[in-house]
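Chains as they are written, first to last, in the working numbering: chain A, 86 to 252; chain B, 145 to 542.
Some hints could be false.
[Stated by the list, open to error] Interface residues of chain A toward chain B, partial, derived using beta-carbon atoms under 8 Å:
#1 Val111
#2 Val118
#3 Phe135
#4 Ala139
#5 Leu142
#6 Ile145
#7 Ile150
#8 Thr209
#9 Val210
Think of the hints as simulated: they come from the structure by calculation, not from any bench.
Even for Gly, the Cβ is constructed at its ideal location relative to N, Cα and C.
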Amino acid sequence: MSPVFIILALVTLLSASAAMSLRNLVHCSLSLVVTFAGLAALYLQLHAQFVGFAQVLVYIGAVAILIVFAILLTRSGDTPNQVVLAPGWIAGIIISAVVFAALGWAVLNSNAIAKQTPAAPDVTVKNIGDALMSKYVLPLEVMGLLLTAAMIGAVIIAMRDEHKEVK
Amino acid sequence: MVKSLDQLFVNLKHWAVGFFPDAWQPLGSAILSIAPMVAVFGGLFAIITIFERKGLGRIQNRYGPNRVGIPFTDIRLCGFGQFIPDGIKALIKEDVVPRAADKVVHFLAPIVLLIPVLLAYAVLPIGRNMTIADYDAGVLFFFAVGAAVELSVFMAGWSSRNKYSLLGAMRGIAQMISYEIPLILSSVAVIMMVGSLKTVDIVAAQSTYNGLLPNWYVLTPWGFAGFIIFFIASLAESNRAPFDLPEAESEIIAGYFTEYSGFKFALFFLGEYLGMFAISGLGITLFLGGWNAPFPFLTWVPSYVWFFTKLTTLIFTFIWIRGTLPRLRMDQLMNFAWKFMIPMALINVVVAGIWHFMGPGLARWIVCVLLVGGPYVLLGRGLMENKHLGKRTYRFAD
Chain A
86 MSPVFIILAL
96 VTLLSASAAM
106 SLRNLVHCSL
116 SLVVTFAGLA
126 ALYLQLHAQF
136 VGFAQVLVYI
146 GAVAILIVFA
156 ILLTRSGDTP
166 NQVVLAPGWI
176 AGIIISAVVF
186 AALGWAVLNS
196 NAIAKQTPAA
206 PDVTVKNIGD
216 ALMSKYVLPL
226 EVMGLLLTAA
236 MIGAVIIAMR
246 DEHKEVK
Chain B
145 MVKSLDQLFV
155 NLKHWAVGFF
165 PDAWQPLGSA
175 ILSIAPMVAV
185 FGGLFAIITI
195 FERKGLGRIQ
205 NRYGPNRVGI
215 PFTDIRLCGF
225 GQFIPDGIKA
235 LIKEDVVPRA
245 ADKVVHFLAP
255 IVLLIPVLLA
265 YAVLPIGRNM
275 TIADYDAGVL
285 FFFAVGAAVE
295 LSVFMAGWSS
305 RNKYSLLGAM
315 RGIAQMISYE
325 IPLILSSVAV
335 IMMVGSLKTV
345 DIVAAQSTYN
355 GLLPNWYVLT
365 PWGFAGFIIF
375 FIASLAESNR
385 APFDLPEAES
395 EIIAGYFTEY
405 SGFKFALFFL
415 GEYLGMFAIS
425 GLGITLFLGG
435 WNAPFPFLTW
445 VPSYVWFFTK
455 LTTLIFTFIW
465 IRGTLPRLRM
475 DQLMNFAWKF
485 MIPMALINVV
495 VAGIWHFMGP
505 GLARWIVCVL
515 LVGGPYVLLG
525 RGLMENKHLG
535 KRTYRFAD
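Using the sequences provided together with the hints, build the complete structure.
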């Protein structure tokens, strides 16, 4: 583990826990942005340039902006005076620890980890584009269709109902 | 001689890096690449603010700044020393933070604006062999760091606890998200044509000449339409007039930086101008041939001279537009982006594909011009249909 990885992992984990535990909703979303940025930096550290930049573009540029825009439109930014921890937090911790242990046990005992990992191929953006347009073209199209359908659905929900206004 | 003049700064840097001990050379090389870039574009910012004030003054029939020259002398330099007292004023002004403001976020917002904007310069090829970081996904990097600008607008507007700031931030974010789509879509056409996201490759693809004319993408039908879309979208992305609603003085004071004073305000000002330079630089790289000379007989002029000539030309066009066009209304802004710019950008991507597969010849020129021009006319007519635009009538002012 290189020191760069340790620093990035610490930043990501700390900001993620801050995003869960801060009282102010806007502070939470801003620490979530730091988490996204930390993840992107981890991808970059693994020499996955395209994934790293796409992570910044999609998660910071779109998802985080969507969250803060939703906060701006729905509430005035008042800090709610409530306890941060939900009532069943002990049970929650136990359940998540059990789930984590089960997943970890499954991963460690699976065949995938026993395989010899091949040397990392020299992936360029061109290769990724070629793969997306030839081998994985069907999943890409399905995702595009799904996103378009979601967008049309959102527009229909948001559209003003003209008939009601006439009545 | 010509070649050494072109590579002057590159050789100078290599020579200076040689003075560092071996272990420090990567760091020294990085510093010697970054520091001149920040200094040059910072200096350009100082000069351009004066040009903007003087240019706007001329357009509005007044003089603009014309007093301050070199300090402690009688040399006036037509007022081009104005940025020195402006900078000193910004530095020594009191930094007022509203009592109700969210102090940490309020402090961080100008920094979150400035750092990504400076990062964006890393992938701009400002001359032959003069790119700080030639990333494999360079254009993507540019747009990715640009995403943080919206976040800083939100942070500034929300943390100020001022309704004008909040209104400005909401306008700013809505505008930036809407215009980012045509901005990216118009560059997609170029990326398709080059087959690479590397900025250096994009410039190299435009470096040949077709007789007397360069092979710049702006000189093709899809490239011309793409450049116009890119230019309009970059005006909106950098919050320039006529898209300066987020900071419309007559409506919401100064928008999201209403509650900023002193040096933090200067940082916002600097960030906005540097963002404008960066996005113009990307436009030059994508459509205007980067650092290439416009004519084959002018290739002896150093490459960086061409880049900065094109950059200042674009910036002066920005200033000219600011002095000429009135500000749009919010609904006009949104309608323009979603009903006109995005369909045109999508059509442009298809036209670029057709251009590529039709092969050289006159036929593709005719087909592509029709395919770009037809939708332009039809979309424009269709959107204007129910607007009843004509000569404006006034109730009282006639």
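TODO: May I ask you to test the interface hint for A/Ile150 with respect to chain B, counting a Cβ-Cβ separation under 8 Å as satisfied?
DONE: holds, 5 Å
Task: Closest C-beta approach of A/Ile145 to chain B relative to 8 Å, hint status - done: Result: holds, 5 Å to nearest chain B Cβ.
Task: Restraint satisfaction for A/Val210 [CB to CB of chain B, less than 8 Å] - done: holds, 5 Å
TODO: Have a go at the A/Thr209 hint: is there a Cβ in chain B nearer than 8 Å to its own Cβ?
DONE: Since chain B brings a Cβ to about 5 Å from A/Thr209, closer than 8 Å, the hint holds.
Task: Given hint A/Val118 near chain B, where the shortest CB pair must fall under 8 Å - done: holds, 6 Å
Open item on the list: Just to be careful: measuring from the Cβ of A/Phe135 to every Cβ in chain B, is the smallest value less than 8 Å?
Closed with: At 5 Å from the nearest chain B Cβ, A/Phe135 passes the 8 Å test, so the hint holds.
Task: Satisfaction of the A/Val111 interface hint, Cβ to chain B closer than 8 Å - done: Since the shortest Cβ distance to chain B is 6 Å, the answer is holds.
Task: chain B contact restraint on A/Leu142 - CB to CB distance below 8 Å - done: With Cβ-Cβ at 4 Å, under 8 Å, it holds.
Open item on the list: The hint names A/Ala139 as touching chain B; please verify it with the least Cβ-Cβ distance against 8 Å.
Closed with: Holds, about 7 Å.
When the structure is compared with the earlier hints, no violation turns up for any of them.
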